[in-house]
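Colleague: Each chain, letter by letter, is given below.
4 protein chains.
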Amino acid sequence: MNFELSDTLLELQQKTRDFIRNEIIPMEADPRFDSHGPHESLRRDLIEKARAAGLLTPHASREMGGLGLTHIEKAIVFEEAGYSWLGPTALNIHAPDEGNIHLMEEVATPAQKERWLRPQVEGHIRSCFAMTEPDPGAGADPSMLRTTATRDGKGYRINGRKWFITGADGASYAIIMARTEDGNATMFLADMDQPGIRLERNMDAMDSCFTGGHGVLVFDNLYVPEEDILGELGKGFRYAQVRLAPARLTHCMRWLGQARRANDAAVEYASRRHAFGKPLAEHEGVGFMLADNDMDIHTARLHIWHTAWLLDKGERCNFESSRAKVVCSEAEWRVVDRCVQILGGQGVTAEKEVMRIFTDMRAFRIYDGPSEVHRWSMARKIVHAAQKAREAAAAQQGGQA
Amino acid sequence: MNFELSDTLLELQQKTRDFIRNEIIPMEADPRFDSHGPHESLRRDLIEKARAAGLLTPHASREMGGLGLTHIEKAIVFEEAGYSWLGPTALNIHAPDEGNIHLMEEVATPAQKERWLRPQVEGHIRSCFAMTEPDPGAGADPSMLRTTATRDGKGYRINGRKWFITGADGASYAIIMARTEDGNATMFLADMDQPGIRLERNMDAMDSCFTGGHGVLVFDNLYVPEEDILGELGKGFRYAQVRLAPARLTHCMRWLGQARRANDAAVEYASRRHAFGKPLAEHEGVGFMLADNDMDIHTARLHIWHTAWLLDKGERCNFESSRAKVVCSEAEWRVVDRCVQILGGQGVTAEKEVMRIFTDMRAFRIYDGPSEVHRWSMARKIVHAAQKAREAAAAQQGGQA
Amino acid sequence: MNFELSDTLLELQQKTRDFIRNEIIPMEADPRFDSHGPHESLRRDLIEKARAAGLLTPHASREMGGLGLTHIEKAIVFEEAGYSWLGPTALNIHAPDEGNIHLMEEVATPAQKERWLRPQVEGHIRSCFAMTEPDPGAGADPSMLRTTATRDGKGYRINGRKWFITGADGASYAIIMARTEDGNATMFLADMDQPGIRLERNMDAMDSCFTGGHGVLVFDNLYVPEEDILGELGKGFRYAQVRLAPARLTHCMRWLGQARRANDAAVEYASRRHAFGKPLAEHEGVGFMLADNDMDIHTARLHIWHTAWLLDKGERCNFESSRAKVVCSEAEWRVVDRCVQILGGQGVTAEKEVMRIFTDMRAFRIYDGPSEVHRWSMARKIVHAAQKAREAAAAQQGGQA
Amino acid sequence: MNFELSDTLLELQQKTRDFIRNEIIPMEADPRFDSHGPHESLRRDLIEKARAAGLLTPHASREMGGLGLTHIEKAIVFEEAGYSWLGPTALNIHAPDEGNIHLMEEVATPAQKERWLRPQVEGHIRSCFAMTEPDPGAGADPSMLRTTATRDGKGYRINGRKWFITGADGASYAIIMARTEDGNATMFLADMDQPGIRLERNMDAMDSCFTGGHGVLVFDNLYVPEEDILGELGKGFRYAQVRLAPARLTHCMRWLGQARRANDAAVEYASRRHAFGKPLAEHEGVGFMLADNDMDIHTARLHIWHTAWLLDKGERCNFESSRAKVVCSEAEWRVVDRCVQILGGQGVTAEKEVMRIFTDMRAFRIYDGPSEVHRWSMARKIVHAAQKAREAAAAQQGGQA
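Chains as they are written, first to last, in the UniProt record's numbering: chain A, 1 to 401; chain B, 1 to 401; chain C, 1 to 401; chain D, 1 to 401.
What the hints contain is simulated information worked out from the structure, not anything from laboratory work.
Hints are not guaranteed to be accurate.
Which copy is meant is left open, so a pair is good if it fits within one copy or across any two.
[Unchecked claim] Taking lysine-lysine and the DSBU-like style, the derived pairs with C-alpha atoms no more than 35 Å apart in a straight line are: (1) Lys381 to Lys15; (2) Lys49 to Lys388; (3) Lys15 to Lys235; (4) Lys313 to Lys15; (5) Lys154 to Lys113; (6) Lys388 to Lys278; (7) Lys113 to Lys49; (8) Lys113 to Lys388; (9) Lys313 to Lys388; (10) Lys15 to Lys388.
These numbers come from a predicted model, not from an experiment.
Between the sequences and the hints, there should be enough to build the whole structure, so can you do that?
Modeller: See the structure below:
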């Protein structure tokens with residue numbers, strides 16, 4: 001066992017850290033920003049900076065123009081990128097593009113890759129992932145999927161409605177999950193500028209770090225030709241898992257960077273600001289929060305690293321990525337909530353960066369499966385393993401008798 | 001012991017509840033609203049509704065035109081008003097006016113009351129309370145006060161800077177805490193339209209429920225004549241306590257209403273929305289959150305009632321109002337955080353009212369003393385009482401020997 | 001609303017407090033004590049002290065020889081009695097006798113009362129409540145009851161096995177829950193010295209405050225004549241509810257006394273013992289625990305009082321007694337756990353009384369329904385109420401249309 | 001980065017696991033056990049089993065007869081040993097001997113090693129570490145040390161009193177911390193059978209897993225010749241740190257084994273026992289506890305591994321071992337507390353092994369520094385680092401100006 005990072009990786013870490021500090025954090029004051037995230041023109045400026053620094057889309061394969069990072073390498077680089085809320089946008093590793101790129105690499109045909117993936121890896125276009133539906137459709141429970149794909153000649157007609165579609169506004173293409181007549185789910189690729197797709201509205205969300213915000217999409221008889229199916233017919237839910245396990249973990253990585261950023265602000269303030277005769281941090285009530293932050297940050301990082309290592313070994317990590325997602329989203333949230341508390345009035349106003357991190361991060365305990373769904377899923381797997389172990393033991397005893 | 005409410009109070013509760021539901025909640029969709037709270041014109045419309053309903057400024061004395069509510073009665077009425085985020089504005093019981101009215105009733109001269117208090121009770125004007133200062137001035141530790149009041153003829157010249165001054169923008173008068181040359185703190189009254197007062201800027205805050213938001217005020221040689229001192233010279237900190245103990249408790253009451261509102265939304269959603277084959281609420285992971293919400297809401301209510309009863313008995317309640325403030329601000333926050341979690345995507349967007357309650361409420365764990373300062377203060381009193389009891393026991397034993 | 005206690009009740013409180021301090025706490029060093037609780041001879045000495053003080057079995061009706069306390073009065077007296085772990089034994093208000101006395105008062109025939117209840121109220125005999133069964137029988141889920149009662153002439157033959165039967169060893173009579181051939185549950189009364197009842201063994205438990213400990217009982221063709229049925233045939237589960245709602249609450253009361261005892265020890269130690277240059281309590285890390293203890297103790301007390309008041313009004317309080325049980329058992333446990341932590345080495349050894357309170361109290365989060373069962377039950381009621389309210393609203397709208 | 005264990009280490013893990021399961025767990029029913037831990041004769045039998053298995057004192061150097069395990073290797077082996085509460089005794093890796101062996105290896109002279117260390121490594125004798133003193137002496141704050149060492153000819157006379165001295169009863173030698181006339185602390189070695197050492201009494205503790213329990217020692221003019229000083233004069237506190245950082249971590253390792261044991265029992269029970277129509281574990285209220293246990297166990301393990309790796313690299317790890325100690329002691333405690341809750345009545349009685357683990361483990365949050373002292377110490381280091389970084393940045397800016 002060895003927690004040592006290679007010299008190459010340490011260099012990449014330092015390079016990313018410097019890039020974020022010197023190039024990206026100064027851009028945080030750029031006014032091209034609103035409640036639906038950075039404007040497209042700001043996004044493009046950020047992308048050019050990362051391209052110049054050789055840090056653009058680092059998780060994409062070298063074939064596609066990325067750095068072909070392993071999961072462990074992503075853990076290091078994405079945490080650094082996450083230190084600024086503009087960092088993931090700059091490096092082109094923000095949700096949902098990061099996960100979509102991964103999925104396209106795994107499943108798309110060469111033609112699909114050239115058409116959609118390559119320009120996306122190059123930062124020229126964005127995408128969205130159209131899965132979640134309004135009640136009573138698919139939410140935490142994907143099996144409730146109601147969007148339909150009906151055979152029509154050499155293609156399909158898609159009808160339905162999706163919401164919470166991150167980055168829909170301004171995306172060039174969508175990956176759409178729909179149910180075919182046999183009841184199975186399939187993923188479809190579609191350019192967003194077609195008449196059958198309509199952005200009904202943008203939602204007013206607590207976060208504002210995703211370019212394009214979160215939108216409501218309507219598919220009204222959208223035609224998708226056969227060759228634009230992503231992967232095989234009927235394998236939609238399987239591909240969703242392919243996308244989800246690593247995507248959950250990259251959320252953990254990026255938000256860890258934000259938690260560290262908030263904590264740095266809290267440490268700075270608490271070690272400088274005086275009250276009742278000494279620096280805040282020398283009051284144990286505050287000092288203990290700093291200690292707890294350190295523990296939570298380290299806990300999150302260790303879980304990320306361990307799960308990344310398993311993914312690099314080729315394991316599917318359904319259980320482990322659920323566990324890491326719950327541990328990290330809750331630990332990182334506690335960190336940020338404590339930072340708000342330490343900063344007092346400055347924690348609940350834009351005087352400090354922490355308020356933004358707080359409102360940006362809250363949804364992380366919900367998306368890609370709320371904590372409750374992951375705990376439930378973990379429990380089922382724990383019980384299932386126990387029951388199988390018991391049966392195996394019984395069978396062995398039976399055999400011996 | 002008796003938790004029974006009088007028939008009169010039950011009627012007032014029902015009347016307030018109906019008023020909020022029928023008159024005020026429909027106004028929540030009114031567009032005269034921005035990140036600095038309801039616009040003045042919206043505020044005035046709300047005030048007129050409350051006036052028509054006979055519910056305006058109910059905590060003010062009957063002499064001043066209020067209903068002269070006791071603290072217990074406030075507990076009932078303010079919780080109902082708090083059910084809508086516009087309710088406290090409508091009833092003229094929002095911070096900081098609610099506490100300022102209370103303070104003015106206790107301390108102001110008849111002339112001061114006629115000049116400032118009466119129009120405020122009638123809802124015509126608003127006020128602000130200028131105490132908190134930028135680092136290194138007074139924050140959680142009021143003894144760090146740096147704003148000065150220097151004797152000048154028959155009055156004082158005030159110089160200094162304040163921030164997080166709720167409702168400063170649009171307030172007609174301010175209560176200003178400043179330090180005179182002898183080192184003591186004094187409260188001064190001043191009209192806001194004087195040249196010596198400048199609203200430097202409005203702060204960008206997480207909440208948006210207070211008319212006028214939170215501002216930065218600069219006092220630049222502001223002249224205050226002797227007769228505009230509030231109460232006696234040098235008693236500023238004492239009056240702050242007079243204001244704070246009940247003011248903390250009224251925050252608990254109003255936010256309890258908001259917590260109940262959030263919980264009603266969560267119960268409604270969880271008992272209707274299905275996932276994994278049954279209503280959300282029948283999943284224990286969600287059901288347990290609903291049970292915990294019920295416990296926390298009831299806990300907060302009981303602490304409010306008990307402290308209000310003590311205040312009605314004439315006790316100062318420094319300890320008890322600290323305790324109620326910590327218990328309620330943390331319990332009510334847990335409720336709202338759980339509601340966000342239960343509502344999922346709808347909890348972190350404006351699809352439901354809960355997102356607003358979440359961002360509005362976070363600061364409650366901070367203002368009027370963050371939880372940490374109250375816990376510290378409680379601990380000191382607990383230890384002090386223990387030490388006195390030990391000395392008393394020792395003295396008694398000594399006497400017996 | 002009024003939290004005032006009557007002068008009579010305040011006198012009774014003071015009398016009980018003095019009695020516990022002067023008469024009972026000195027008995028805590030009595031060696032007639034082992035891991036199965038106080039020996040019968042110690043119990044009898046304690047009972048005589050309470051009889052002399054006029055405090056014996058105060059919750060029993062005046063007809064039976066008690067003081068006929070209301071629930072509110074019990075809240076005051078039982079908390080005081082609970083301050084010593086011998087107090088409930090002395091006052092004859094310990095589980096299971098306290099609840100059994102209540103049940104017998106409600107349901108037993110005059111003849112049954114004379115035979116079993118009167119000597120029990122007088123402290124001459126003890127009883128046990130035989131409900132819980134070994135896996136796969138009745139535990140948290142009473143519907144899994146497996147003990148059978150088969151008609152035999154003018155009576156019934158009872159067969160089955162019970163465990164965790166508190167006070168079984170040395171009890172004079174048992175209330176036995178068994179299932180008759182029609183599937184319904186019935187309660188039977190039986191003297192413990194009959195051949196059909198056998199105490200298989202005493203269990204080795206974490207607590208040691210109950211006289212007789214916790215035993216395993218075997219019913220082997222035990223004959224119970226018809227006249228020894230408690231109440232009506234088939235109403236066993238209903239009577240269990242009659243017993244449980246108040247019995248849960250009296251646990252909350254007694255353990256509140258124990259929590260206060262632990263807290264007094266922690267406050268005393270923390271305000272006296274020095275470390276790192278000042279008393280422990282002046283370290284916020286310790287002081288905050290004292291503040292939290294105060295909050296939890298007060299929260300528990302308020303929930304007890306409120307639920308007691310509802311019971312006195314004649315409400316069934318299934319929901320409220322569940323809520324109070326969860327809130328109190330968890331709050332009181334947190335108090336005691338913090339006291340252990342504050343006392344350090346002395347908290348985990350018999351140097352202080354807190355270790356005993358810690359090990360005695362842990363089971364409270366489990367018996368009379370573990371927290372999880374209560375939360376589940378509360379959630380069901382919350383949802384049910386929401387669904388009924390929705391139906392009512394829909395019906396009303398329908399009627400209006 | 002790489003979490004892979006070498007084949008050799010995997011073999012050692014499996015060997016230890018099998019040894020514990022096949023040889024040691026069956027001994028748990030051995031009656032040679034009381035509230036002061038395993039009897040010496042039982043300890044010797046266990047030691048012989050480990051010797052036969054080649055697993056005795058595996059952390060000692062090969063020179064002294066151990067396996068010379070690295071810290072990472074200890075993490076693996078000690079967790080396995082900890083699975084049974086007799087495991088650490090069998091492997092001779094229980095506190096305080098484990099830490100004393102480590103300290104003696106680091107500091108003792110060759111002659112001291114031959115005299116005390118070698119027989120201890122061979123399992124023939126036990127030792128104790130005499131540091132903690134009754135109030136007002138050294139506890140969590142070692143600087144309050146009051147035991148004195150007064151120069152007397154070629155040696156020292158030691159006077160003082162120690163308590164909570166684990167394993168004192170039956171130990172062959174003691175490491176004694178005392179203060180010389182210059183105010184510095186020094187460690188002395190002394191055979192326990194000397195007239196100047198008296199075991200005043202054994203303490204009645206919540207745990208019962210340490211051979212010899214916890215005793216009160218009196219040093220009454222104990223003579224220690226110069227050559228029995230451990231290390232250098234005046235370096236007592238420094239050596240205490242040498243002992244403590246790894247000793248804290250080995251506690252984390254052993255208790256992790258116990259937490260896993262408790263969890264296995266809870267998983268087994270919850271997946272088999274039915275209530276309300278399905279296995280307990282399929283109730284989310286229980287299933288979520290199992291998921292949380294998995295998270296906590298994994299968190300503890302990752303912190304242990306990471307800190308062990310740092311120790312293997314030669315770092316002092318004062319900060320990291322504090323952090324790991326707090327994280328692990330609290331996470332492992334939560335696991336065991338949840339297991340008690342899941343097991344219900346069987347969790348608070350000796351029907352299952354979990355009750356013993358619960359009462360054995362509670363003190364872990366206290367000894368080797370309570371959580372509060374570690375959080376305080378961590379906070380100081382965090383603040384110190386922040387202040388140094390700020391000064392460095394200021395100096396750099398000053399230099400540039």
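Colleague: Decide, hint by hint, whether the structure agrees.
Modeller: Verification of the hints:
For the identical chains of this complex, Lys381 and Lys15 are inter-copy neighbours only, at 27 Å across copies versus 40 Å inside a copy, given an alpha-carbon limit of 35 Å. In this assembly of identical chains, Lys49 and Lys388 lie within 35 Å of each other by CA distance solely across copies; the values are 32 Å between and 53 Å within a copy. For a Cα distance limit of 35 Å, the shortest separation of Lys15 from Lys235 qualifies neither inside one copy, at 40 Å, nor across copies, at 44 Å. With identical chains, the CA atoms of Lys313 and Lys15 are at most 35 Å apart both within one copy (26 Å) and between copies (26 Å).
For the identical chains of this complex, Lys154 and Lys113 are intra-copy neighbours only, at 21 Å inside a copy versus 82 Å across copies, given an alpha-carbon limit of 35 Å. With identical chains, the CA atoms of Lys388 and Lys278 are at most 35 Å apart between copies only, with a shortest distance of 17 Å across copies and 59 Å within one. Taking the shortest Cα distances, Lys113 and Lys49 sit within 35 Å of each other inside one copy (24 Å), while across copies they are farther apart (62 Å). Proximity of Lys113 and Lys388 under a CA criterion of 35 Å is satisfied in neither setting, with 42 Å inside one chain copy and 50 Å between copies.
In this homomeric assembly, Lys313 and Lys388 come within 35 Å of each other (Cα to Cα) only inside a single copy, at 25 Å, whereas the closest approach across copies is 40 Å. Taking the closest pair of Cα atoms, Lys15 and Lys388 come within 35 Å of each other only across two copies (24 Å); inside a single copy the shortest separation is 48 Å, beyond that limit.
Of the numbered hints stated above, those contradicted by the structure are hints 3, 8, listed in ascending order.
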